[in-house]
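Chain E is fixed; fit chain F onto it per the hints.
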Amino acid sequence: MHHFKRLAASTAIVLCASGALAQDSITVAIQLEPPNLDPTSGAAQAIDSVLYANVFEGLTRFDADGAIIRGLAQSWDISEDGLTYTFNLAAGVTFHDGTTMDAEDVKFSLDRARAEDSTNAQKALFADIADVTVIDPLKLQVTLSKPNGMFLFNMAWGDAVIVAPESIDTIATNPIGTGPFAFANWVQGDRLELARNDSYWGAAPALETATFRFISDPTAAFAAMMAEDVDVFVGFPAPENLPQFAADPRFQVLNGNTEGETILAMNNQREPFDNPLVRRAVTHAIDRQAIIDGAMFGQGTPIGTHFAPHNPDYVDLLANSQFDPELSRSLLAEAGLADGFTTTLKLPPPSYARRGGEIIASQLRAVGIETEIANLEWAQWIEEVFTNKDFGLSIVSHTEPMDINIYANPGYYFQYDNADFRAVLDELNATTDPAGRSALLAQAQTIISEDYVNAYLFQLGVATVARAEITGLWVNQPTAAVDLTGVSWGN
Amino acid sequence: MSRNLIIGAGLTAFFTGLAALSFLWTPYDIEVLDIPNRLLTPGGVHLLGTDHFGRDILSMVMMGARTSIAVALVAVGIGMGLGVPLGLWAAARRGSLLDDVIMRGNDLVFAFPSLVIAILITAVFGPSAGNAIIAIGIFNIPVFARLTRSAALPLWERDFILAARVSGKGAARISAEHILPNIANLMVVQGTIQFSLGILAEAALSYIGLGAQPPTASWGRMLADAQTLVSIAPHVALIPGFAILLTVLGLNLLGDGLRDWLDPRIRVVRT
Chain E
1 MHHFKRLAAS TAIVLCASGA LAQDSITVAI QLEPPNLDPT SGAAQAIDSV
51 LYANVFEGLT RFDADGAIIR GLAQSWDISE DGLTYTFNLA AGVTFHDGTT
101 MDAEDVKFSL DRARAEDSTN AQKALFADIA DVTVIDPLKL QVTLSKPNGM
151 FLFNMAWGDA VIVAPESIDT IATNPIGTGP FAFANWVQGD RLELARNDSY
201 WGAAPALETA TFRFISDPTA AFAAMMAEDV DVFVGFPAPE NLPQFAADPR
251 FQVLNGNTEG ETILAMNNQR EPFDNPLVRR AVTHAIDRQA IIDGAMFGQG
301 TPIGTHFAPH NPDYVDLLAN SQFDPELSRS LLAEAGLADG FTTTLKLPPP
351 SYARRGGEII ASQLRAVGIE TEIANLEWAQ WIEEVFTNKD FGLSIVSHTE
401 PMDINIYANP GYYFQYDNAD FRAVLDELNA TTDPAGRSAL LAQAQTIISE
451 DYVNAYLFQL GVATVARAEI TGLWVNQPTA AVDLTGVSWG N
Chain F
1 MSRNLIIGAG LTAFFTGLAA LSFLWTPYDI EVLDIPNRLL TPGGVHLLGT
51 DHFGRDILSM VMMGARTSIA VALVAVGIGM GLGVPLGLWA AARRGSLLDD
101 VIMRGNDLVF AFPSLVIAIL ITAVFGPSAG NAIIAIGIFN IPVFARLTRS
151 AALPLWERDF ILAARVSGKG AARISAEHIL PNIANLMVVQ GTIQFSLGIL
201 AEAALSYIGL GAQPPTASWG RMLADAQTLV SIAPHVALIP GFAILLTVLG
251 LNLLGDGLRD WLDPRIRVVR T
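Top to bottom, those sequences are chains E and F. For what it's worth, UniProt numbering labels the leading residue of the first sequence as 1, then goes sequentially. For what it's worth, UniProt numbering labels the leading residue of the second sequence as 1, then goes sequentially.
For reference, chain E alone in the conformation it holds in the complex:
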């Protein structure tokens, strides 16, 4: 009897243990596999999706709503003139290889990112840093060359995470960070595994291990989710299947927003799009709701300018480009193109572009603009459209947060060149006062909307499909991230 009790008790313990074991690992699917694992040099979003907040941390970070909160910097002081930032770092932080994280590592990371030969994909984030000085191991002073109201925001990007000089040489295949999860294994083309960092300085995450899988094919994504091969799919690629998941008690569907302004880009330096009348005619020919319904099955918010509608500084400028084919035709006539014209429409792989492209082609045809559709793979799109600017029209989603500054770069692929706009952005960069910034941002949004630089279509939504028991997932994507810190099986 006595033995039996002990046996029963130990069996119970084993059962509990195995039950707990099954509930503290998670398999997360995203669409694209990262090409390498260095967020401080690679531009691919998939790198941040896997590593941001999980493996790597910066001085500040985005929270689930896009607000800037403390990261490795626990507090900071900003001098009166807005030029000097003094950061107090968290104590007791170690990298996953056991080395200590201190102010020297922060200085190394920032200096490396802003160096002349830096390969950082977002070097502009660091452009205003004049000097980084270590005061003591937990205190650091950053001096800017001019006030920058976005500095703390910039430091939250995945491109600004803190790395160690000891592990920098192998970071692309063996990323060593300070985050709650340590990189464990990467089987290229198949999966990437993370394991809990038991010496994490902050609150320990609930999950023991996490496996990332990469599934870009919509049919395969649907099958994997339905078969419960994956527990979470962040950025589910087939919006038409979402109602089925929502109706299935095994799953939950989280519909969030992203920073992805989806636009019909027009080549501003190529005829006939160098004529603002023609660009305006294109915008009036487009029925946004038909695109959102037809291409995204209703997932998406119409936008009238290149700015995220959930941002408090967003200005509703949809009225500038209402769907009005009659007006579009008369604008074309005014531009001397009453008989219409033919142009190219180059489309990258995502369904917003491929399906949206067919709808837009049909809408443009209705006002006399014929398009030759070319479906391109991402590498071809980068080469032909983004690099060589060999296109008339293209559809793409700009997923970087606060990226209206791309309109200040005349060399950017749609080649918008307006000195007035650049002046507004220069003033914006020098302004730290929130009200002043809001006014300038509104002005910038209005200029590009009234210049009809591109046709602004909709803000890309993001759908996360997950097993119903899972809690703590991000609904929105203020930056590309699958933050597993607060994720648990809810038991």
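In short, the hints are calculated from the structure, not lab data. Heads up, the beta-carbon is just placed ideally off N, CA and C, and yes, glycines get one too. Fair warning: there could be bad hints in the mix.
As the list claims (entries may be wrong) - Partial chain E-side listing against chain F, Cβ under 8 Å, derived:
1) Phe222
2) Asn241
3) Gln244
4) Ile359
Frame of chain E; chain F shown alone:
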């Protein structure tokens, strides 16, 4: 006439008729999207329902038949037009260096998986129906060249050819006047089979986005567009799938039936 021949000819005539009719009339204009009326089930105003853009599927199938048949027809034409003369030439100069060059050249083309090369061609020169035709056509050349040569070789040993040679006809004239008529039935049968393979190849290429580009309708792309919709609107995928299946089945039955009907040896046994 065999039952195969009748069923095959019937199916082929039906889809060819649909394609021909599409030049004159389709129930709806497939270039006009009607998003609010998308994914309607078959029946009602839209006989076969509508797709994810609200386009009439019957009209899409008709226009798709035109694309498939046009691509396959021209591709078979390329294969026959180049392959048959090459085969005749090789047979006329059998055993010579020229024969070797032609036939080894054919082997070279045969050695590559045809779809992979088709993907290469369309990837290099850009996806379009025209490039799909060329890609599929190139792979029809060795098929016809080989068949022609192997059918022509025994004929060259026959007495009537000898008689023609004695009367002073050159190799080219003999090939055209005596060899070709005697192998024509084989070519018709092979042409039918290649035609069905051409339709499959066009569907495969446009399925992976390398065939006819939108808004041109194509069965393969209709299938590709519909694959994520299978669980919510199965008819959108099933209809183009059946169109491909029935056309290819029809052409194969027609080819089989024609072979039985045209082959003199089999005909003799039957009668």
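Hints, one by one, checked against the model:
no.: 1; hint: Phe222; result: holds, 7 Å
no.: 2; hint: Asn241; result: holds, 6 Å
no.: 3; hint: Gln244; result: holds, 6 Å
no.: 4; hint: Ile359; result: holds, 6 Å
Every hint, counting from the list given before, is met by this structure.
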